[in-house]
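Protein sequences appear in the order of chains W and B. First residue of the first sequence: 1, per UniProt numbering; consecutive thereafter. First residue of the second sequence: 1, per UniProt numbering; consecutive thereafter.
Think of the hints as simulated: they come from the structure by calculation, not from any bench. Keep in mind that this is a model prediction, so the values were computed, not measured. There are no misleading hints in this set.
A short, non-exhaustive set of chain B residues, derived as facing chain W with CB atoms under 8 Å:
1) N23
2) C43
3) L48
4) E62
5) A84
6) R99
Computed footprint of chain B on chain W, listed as stretches where at least three residues anywhere in the stretch have a Cβ under 8 Å from a Cβ of chain B:
7) 194 to 206
8) 289 to 298
Cβ coordinates follow ideal geometry from the N, Cα and C atoms, glycine included.
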Amino acid sequence: MVAIRPRAERRNDSNGGVAFEADVLVLGGGPAGTWAAISAAERGARVVLADKGFCGTSGATAPSGTGVWYVDPAPAQREAAMASREAAGGYLQSRHWMARVLDETYAQSNRLAEWGYPYPAGDDGQPRRNSLQGPEYMRLMRKRTKSAGVTILDHSPALELLVDDSGAVAGASGVRRQHEDSWTVRAGAVVVATGGCAFLSKTLGSNGLTGDGYLMAAEAGAEFSGMEFSNAYAISAAFGSVTKTLFFGWATFTYEDGSVVPGAASKGGRKAIARALSQGPVYAQLDKADEQVRATMRASQPNFFLPYDRTGIDPFTERFPITLRLEGTIRGTGGLRITDDSCATTVPGLFAAGDAATRELICGGFTGGGSHNAAWAISSGSFAGRGAADYALQTKRAPDTSVRRAGTAGLQAAPQRALDPAQLARAVQDEAYPYEINYFRNADRLTASLGRLDQLWRDVTDADAAAWPDLIRTREGAAMLATARWMYRSALARTESRGMHWREDHPQPDARQRHYVTSGGLDEVWTAARPHDEGALVEAAE
Amino acid sequence: MIEIIDPERCTACNICVTACPTNVFDKTEGLPVIARQADCQTCFLCELYCPEDALFVSPFAEQPQGIDVVAARQSGLLGSYRRAVGWTEETEHLREADRSFRLFGQ
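Model the full assembly from the supplied sequences, consistent with the hints where possible.
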């Protein structure tokens with residue numbers, strides 16, 4: 001039976017673009033965004049999903065393969081799954097959240113099977129649902145999003161949120177880059193699922209992931225949590241884009257002269273690789289993979305082999321130069337702060353899901369491979385979609401309510417000439433990429449970098465509004481800049497080492513700092529400590 | 001990054017223009033063109049979505065290589081990724097080939 005679902009209504013737009021009236025607007029069409037859109041539609045909401053690129057190929061998941069934290073509901077297995085990464089994450093996880101994410105991921109993954117996802121079977125004939133192929137998964141998610149009655153706007157980056165007189169979020173607007181016109185969606189609630197920020201580092205599938213949703217949310221007053229957990233770097237061929245942490249677990253890492261880099265490893269030895277790369281080239285060879293592992297790798301992740309097959313390198317028998325690409329908050333765990341089980345943010349009407357939201361609740365300050373991240377996208381997307389739908393259907397704002405545009409940097413007239421977006425991006429990358437600032441952190445270098453970043457922010461706010469076609473790039477640059485400032489202020493505030501956050505000048509964990517670092521603000525960036533778990537649970541119950 | 005639209009294979013269906021997540025291609029009166037090569041994120045997804053195997057993405061993410069269309073055709077690489085993930089009729093069985101579960105926890 002096919003349910004007839006209410007669709008968002010298209011309205012005439014006096015500005016010549018397109019306008020829609022909806023209950024829920026989802027920004028971003030990766031896993032979190034599509035799960036949010038489907039879940040909101042299933043609650044009876046009229047939903048629009050706006051993607052910067054193409055829903056189905058956008059985001060870090062689509063071109064990759066990812067593990068999924070799919071765990072059998074047997075209590076012993078669940079307990080082991082929750083306990084396994086608590087130490088690595090610095091004991092900042094919440095058991096309440098881990099349990100509900102495991103439940104939701106299990107249920108939704110089983111729905112993927114019903115929808116036709118071609119899960120493989122193990123030797124016992126039983127399905128194996130702890131891995132997803134990105135192209136296949138996201139093609140299916142696009143189809144399910146459409147069949148749920150969601151209106152998809154492709155190639156439609158959002159530029160700013162709309163906010164009503166009470167400060168509640170009431171929609172968003174952006175541009176349709178293939179039509180060179182604008183879109184506006186008035187909505188009762190907005191889900192930010194725009195992913196993390198990798199600073200255009202060319203780590204696989206990340207060039208649309210520039211922190212746009214962070215900036216828009218912050219302009220409406222949203223807060224962040226865990227932005228110090230933002231210094232993940234991934235291994236790829238020096239010339240290529242394909243990263244795959246898991247496979248480099250079978251690698252030996254060598255210097256130019258062929259000698260082994262001491263302590264270098266994909267897991268637990270990446271800092272040694274970074275140190276060696278600061279001195280000169282580093283090479284990898286997947287020589288620890290036996291014949292069976294090699295065959296399994298090839299069958300499981302065809303994308304991993306593209307850089308090698310197409311350059312005539314046999315990665316198992318020949319060594320090749322590697323690099324580390326910054327993954328920022330994509331594999332970091334910081335993001336928009338979530339205040340309750342519906343993935344609400346601190347701003348009414350604004351919800352967050354996927355990498356755009358903090359993953360500390362299930363990962364603490366560290367995440368290895370995609371497993372937890374993929375589970376978080378599925379479950380937080382589903383929670384946020386339902387939460388946004390329920391909120392919008394309960395509050396029912398009148399369609400003629402007056403709203404204002406919340407956007408700032410790059411969107412407002414100002415006396416100075418508009419900035420060159422390419423220059424802006426490079427200036428931010430110069431602060432975010434270097435290992436000696438972001439990976440090996442200390443107070444002096446973070447403070448100096450923040451001085452330069454704060455000056456850059458003043459330059460951005462003094463500059464005139466960007467014009468087409470620089471508008472999108474300018475907003476991306478401003479978002480990356482704002483992201484770097486929340487990251488480094490938070491990193492400065494956490495005077496210890498915990499999770500992936502590592503301070504040279506405070507190399508040990510400090511038991512008194514087993515708390516969350518909240519941050520926010522644009523012209524003035526602030527941080528505050530928030531107690532872990534006990535405190536958070538009290539707050540959620542209020 | 002994207003290097004080639006093979007004019008002998010391309011039917012101007014413009015799926016690549018739509019499917020590219022970073023908006024690298026432009027529609028024209030004739031065949032689509034690579035209008036913003038520097039914006040390519042080397043994700044190889046346009047190759048998967050091209051039904052004619054007319055596209056070739058070089059694995060070099062930072063620099064264009066200037067690959068020759070005839071050389072690309074002769075290399076047998078056009079469509080190789082689409083075949084490998086099982087998105088062609090002859091290779092459909094490979095959609096279920098993922099055995100990552102054997103690698104987890106090793």
